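Trainee: Chains A and B, in that order, are what the protein sequence lines are.
All residue numbers for the first sequence refer to my numbering, where the first residue is 1 and numbers rise by one.
All residue numbers for the second sequence refer to my numbering, where the first residue is 1 and numbers rise by one.
Source of the hints: derived by calculation from the structure; they are not laboratory data.
Do not take every clue at face value.
Pairwise CB distance ranges, derived in the manner of DEER restraints [stated by the list, open to error]:
no., chain 1, residue 1, chain 2, residue 2, range
1, B, L328, A, G434, 52 to 60 angstroms
2, B, L328, A, E300, 51 to 59 angstroms
3, B, V93, A, T238, 40 to 48 angstroms
4, A, R240, B, H136, 42 to 50 angstroms
5, A, D311, B, T63, 40 to 48 angstroms
6, B, H375, A, T238, 20 to 28 angstroms
7, B, T342, A, T238, 33 to 41 angstroms
Computed list of chain A residues with no C-beta within reach of chain B, every gap over 10 angstroms [claimed, not checked]:
no., residue
8, V30
9, G49
10, L94
11, P243
12, D289
13, A318
14, A323
15, R349
16, S395
17, L398
18, V461
19, L467
For clarity, every value in this text was computed on a predicted model and none was experimentally measured.
Just so you know, even glycine gets a beta-carbon here, dropped at the ideal spot from N, CA and C.
Chain by chain, the residues run as shown.
Number of protein chains: 2
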Amino acid sequence: MNDLDRTVAELARMIRDGSTTPTTLVEQSVVRIDDLADLAAFVSVDRDGALAAAAHAESELATGLDRGPLHGLPVAVKDNIDVAGQHTRAGSVLLGDRPATDDATVVTRLRQRGAVIVGRTNMHELAWGGTTDNPHTGRARNPWDRERVPAGSSGGSGIAVAAGMVVAALGTDTGGSVRLPASVNGVSGLRPTIGRVSNAGVVPLAWTMDTVGPLARTAADAALVHDAIAGWDRRDRTTRREPVHPAWPNLPPDGGAEMLSGLRIGIIADYALVGNQPDVASAVRAALDTLAEAGASIEEITVPGVDELVDAQLVVDAVEPSAMHIDLLRTRPRDYGDDVRTHLEIGLRYTGVEYVQAQRFRAWFRDGLLAAMRHLDVLVTPTLPFTALPHGAESVELDGRSTSLTAANMRYTAIGSMAGFPGLSVPVGLDRDGLPVGMLITGRAFDETTVLRVGHAYQAVTEHHRLLPPV
Amino acid sequence: MNDLDRTVAELARMIRDGSTTPTTLVEQSVVRIDDLADLAAFVSVDRDGALAAAAHAESELATGLDRGPLHGLPVAVKDNIDVAGQHTRAGSVLLGDRPATDDATVVTRLRQRGAVIVGRTNMHELAWGGTTDNPHTGRARNPWDRERVPAGSSGGSGIAVAAGMVVAALGTDTGGSVRLPASVNGVSGLRPTIGRVSNAGVVPLAWTMDTVGPLARTAADAALVHDAIAGWDRRDRTTRREPVHPAWPNLPPDGGAEMLSGLRIGIIADYALVGNQPDVASAVRAALDTLAEAGASIEEITVPGVDELVDAQLVVDAVEPSAMHIDLLRTRPRDYGDDVRTHLEIGLRYTGVEYVQAQRFRAWFRDGLLAAMRHLDVLVTPTLPFTALPHGAESVELDGRSTSLTAANMRYTAIGSMAGFPGLSVPVGLDRDGLPVGMLITGRAFDETTVLRVGHAYQAVTEHHRLLPPV
Chain A
1 MNDLDRTVAE LARMIRDGST TPTTLVEQSV VRIDDLADLA AFVSVDRDGA
51 LAAAAHAESE LATGLDRGPL HGLPVAVKDN IDVAGQHTRA GSVLLGDRPA
101 TDDATVVTRL RQRGAVIVGR TNMHELAWGG TTDNPHTGRA RNPWDRERVP
151 AGSSGGSGIA VAAGMVVAAL GTDTGGSVRL PASVNGVSGL RPTIGRVSNA
201 GVVPLAWTMD TVGPLARTAA DAALVHDAIA GWDRRDRTTR REPVHPAWPN
251 LPPDGGAEML SGLRIGIIAD YALVGNQPDV ASAVRAALDT LAEAGASIEE
301 ITVPGVDELV DAQLVVDAVE PSAMHIDLLR TRPRDYGDDV RTHLEIGLRY
351 TGVEYVQAQR FRAWFRDGLL AAMRHLDVLV TPTLPFTALP HGAESVELDG
401 RSTSLTAANM RYTAIGSMAG FPGLSVPVGL DRDGLPVGML ITGRAFDETT
451 VLRVGHAYQA VTEHHRLLPP V
Chain B
1 MNDLDRTVAE LARMIRDGST TPTTLVEQSV VRIDDLADLA AFVSVDRDGA
51 LAAAAHAESE LATGLDRGPL HGLPVAVKDN IDVAGQHTRA GSVLLGDRPA
101 TDDATVVTRL RQRGAVIVGR TNMHELAWGG TTDNPHTGRA RNPWDRERVP
151 AGSSGGSGIA VAAGMVVAAL GTDTGGSVRL PASVNGVSGL RPTIGRVSNA
201 GVVPLAWTMD TVGPLARTAA DAALVHDAIA GWDRRDRTTR REPVHPAWPN
251 LPPDGGAEML SGLRIGIIAD YALVGNQPDV ASAVRAALDT LAEAGASIEE
301 ITVPGVDELV DAQLVVDAVE PSAMHIDLLR TRPRDYGDDV RTHLEIGLRY
351 TGVEYVQAQR FRAWFRDGLL AAMRHLDVLV TPTLPFTALP HGAESVELDG
401 RSTSLTAANM RYTAIGSMAG FPGLSVPVGL DRDGLPVGML ITGRAFDETT
451 VLRVGHAYQA VTEHHRLLPP V
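Taking the hints into account, I'd like the entire structure generated from these sequences.
Mentor: Here it is in structure tokens:
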């Protein structure tokens, strides 16, 4: 077994009992990334820097300085996150002329916990898309089926965890870019609340929706990374001072199912389980049955505006990146991939009034969702209506209509993105083609703890998160 | 002397020593409004309701229930603020088909302090403009010179206080609509921090900039009204939970100048005192000299982006109202006044990207202003580059160029509107034509207390706020 297929808790134990070392793990990581280079999960690997950090972690641990479970473990960051001395290209040829002078705050915080940054993961160009089929850095491939997409935009981070290249990776999520690759690669991925995690040192896409979040093998591992990176940051004034309640101490490594007793789960009537691939619907239904058997109550709720949500998100998600890129779009249009340039050009066409109406709809939707969730702990939906799509698919059949991939991707993730609420995707089984299905657990603002605990409790009574891709 | 030319503290004392009564004051108010009907300050007067409220206040006071200085005093509210049972028309023929069922939160809170709502004040149609020359409710006139505008959009509230019709009035301020009429009518007007005062029950204009604020004879009186209306409101989720520190107990009725000792005042180099009418510049300079003589230090600062600020505000201020009105604008365009329809049609033409860029500029400007004010208590500018303009003026000479009235009006008020910071306009003298000049004191977010204390201290050592218009 590849050690990096293990969980953080397992590896932390192995380091401390001498059965492995940070250096060994980094070397395994680098070899694994190299062996599976055809997946195009990484855009760069910092072998020397990672080995030096691993050696430093070992010397710290040897002298009794223990930074916690992540200490000495190899992790990766998406290519839109600053690491001092590295080029932050965000999967584009337009950015990163000079190396970053400072670490992003999230990188600083990971290093404070002793994590070792092994490399930068491939992403959809500029994070504007959901396939990670990048014209500059290569077509990323799903480790469960190389002919299918790893989703995006944090596709490389999803692959890197799924294929055991690293134990965890950071992604960014604007409209679903952490949760979608978590779903189709069969790993656990958390989008935190807007304002919970610093965006300082992260290339922006849509400034009212961008978040940084972890992809990891389990909800408990994602919780550990989230605990490390979350909280107010003076470098990002949009971060909030709401206290971070670390999820980790509340996640017993081999238990937690007891917390499902009395848990109140909402599902959206006539929405959440309709129009999906049959295997997606049945896997999520089975997961809900599992949660109910463990004592959770499932309640159908109505969320006003949920059917118009994606249309509104498409406006916000289109206009904000175009505002960011308008100058480069005018001076260097040929340096964008065709799909991204088209998206950005569409974003130029919306009126200010359409944008304001979308933002007002968003505020109204959030209030309605909050009211609908008042008596609930979390909301459960599929993460996606489908499993990994073949490369090149630009639209998908949804509710009997051909729907653009962008809109179809956001069907469920839009709920958290537009409300600003946290959401965790966890694997709930495989479809008939052996491709992972994801379930999305959405919580209230700043309540990542409950979301993570539900994911952990589910994983305490199921095995889906232990399945590995056939690479 | 008209009793309503007195301050709240004076009238409160007179009520309690028996030299006047709430009923007497309400009757004086109604007579005064009627006598000066040509000023078109009010759109409706609720004589019966006000007399009943005055009688109720008297009976409460007689039984020892004292709600504080505002108890039994006649006040007015702008026509865009709900009063249960009255039509909220916002100076338009498009709204208010049915009477409001509930009081706006600010009205509820005024009533809790015992204030008596006498009537609704005239305003620029839908609050989209700065003249209060309203095609539906009449051309409001400046009490210092009937041939000049009372500014706007809360022009009626400014007149009502200046001409002694009420002791205080509520206005709303999006781009300057409380501070501008305060300036040209020679009264004190406060725009609170965004999120400080509830907008529940107030007709929106621009949802990211709208605030409710008081106009009153003095800073101390404005403080009393602000203390009454400020604070979190469950009916308006944009209100913040920052604690309200009542300014009033810290404003000694006949003193306060001692607080100027050590006060740090910023002025903006090459901006604040350039390009104004000479009398405006010299009155504000004299006021700064007065503050310096009393012990304040004056420091020239640089605020990045201040020269581009109005352009950005014009985008936000145009797009948001158009988003609000787009349906009515399509179905009933002829029911808007020509100027407002034109403004709203212009708002339709901006792109989403332009709007987002303006909002991003705004966030950047706010951060820069906060940094520039780090070692300061307040920032001082004129409120307006000019005194009251003649009716019909659509542009004004500014910095040697003809500038639209809308842009010229916002020259200084944009600072607080765009940053979301509180600002108080206080009278600092008359120009050669006998028209009031206003000085704008802008503070940091949620620090209305300092802004009000500076205004009060200035008024403790000067007499300009005692000047009355020659009506």
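Trainee: Each hint needs a verdict: does it hold in this structure or not?
Mentor: Hints and how they fare:
Hint check: L328 of chain B to G434 of chain A, Cβ distance near 56 angstroms, so the stated range 52 to 60 angstroms holds. Here the CB-CB span from L328 of chain B to E300 of chain A is close to 37 angstroms, at odds with the stated 51 to 59 angstroms. Against the hinted window of 40 to 48 angstroms, the Cβ-Cβ separation of V93 of chain B and T238 of chain A comes to about 41 angstroms, which satisfies the hint. Between R240 of chain A and H136 of chain B the beta carbon distance is about 44 angstroms. The supplied range of 42 to 50 angstroms therefore holds.
Taken as a hint, the range 40 to 48 angstroms is violated for the pair D311 of chain A and T63 of chain B, whose Cβ atoms sit roughly 59 angstroms apart. About 25 angstroms separates the C-beta atoms of H375 of chain B and T238 of chain A, a value consistent with the hinted range of 20 to 28 angstroms. Taking 33 to 41 angstroms as the suggested C-beta distance range, the pair T342 of chain B and T238 of chain A conforms, at roughly 36 angstroms. No beta-carbon of chain B is positioned within 10 angstroms of the beta-carbon of V30 of chain A; the least distance is around 40 angstroms.
A cut-off of 10 angstroms between C-beta atoms confirms that G49 of chain A is not in contact with chain B; the least separation is 33 angstroms. Every C-beta of chain B lies more than 10 angstroms from that of L94 of chain A, the closest at about 17 angstroms, which supports listing it as non-interface. At roughly 15 angstroms, the least C-beta separation between P243 of chain A and chain B is larger than 10 angstroms, which holds for a residue marked as non-interface. At the 10 angstroms boundary, the C-beta of D289 of chain A stays outside the reach of chain B, the nearest C-beta of that chain being 36 angstroms off.
In this structure A318 of chain A is not separated from chain B by more than 10 angstroms, as the shortest Cβ-Cβ distance comes to only about 8 angstroms. In this structure A323 of chain A is not separated from chain B by more than 10 angstroms, as the shortest Cβ-Cβ distance comes to only about 4 angstroms. At roughly 8 angstroms from the closest C-beta of chain B, the C-beta of R349 of chain A falls inside 10 angstroms, breaking its exclusion from the interface. No Cβ of chain B approaches the Cβ of S395 of chain A within 10 angstroms, the least distance being about 24 angstroms, so the stated non-interface status holds.
Separation of L398 of chain A from chain B is adequate, the least Cβ-Cβ distance of about 26 angstroms exceeding the 10 angstroms criterion. Listed as outside the interface, V461 of chain A is consistent with that label: its C-beta sits roughly 37 angstroms from the nearest C-beta of chain B, beyond the 10 angstroms cut-off. At the 10 angstroms boundary, the C-beta of L467 of chain A stays outside the reach of chain B, the nearest C-beta of that chain being 42 angstroms off.
In this structure, the earlier hints numbered 2, 5, 13, 14, 15 are contradicted, and the remaining ones agree with it.
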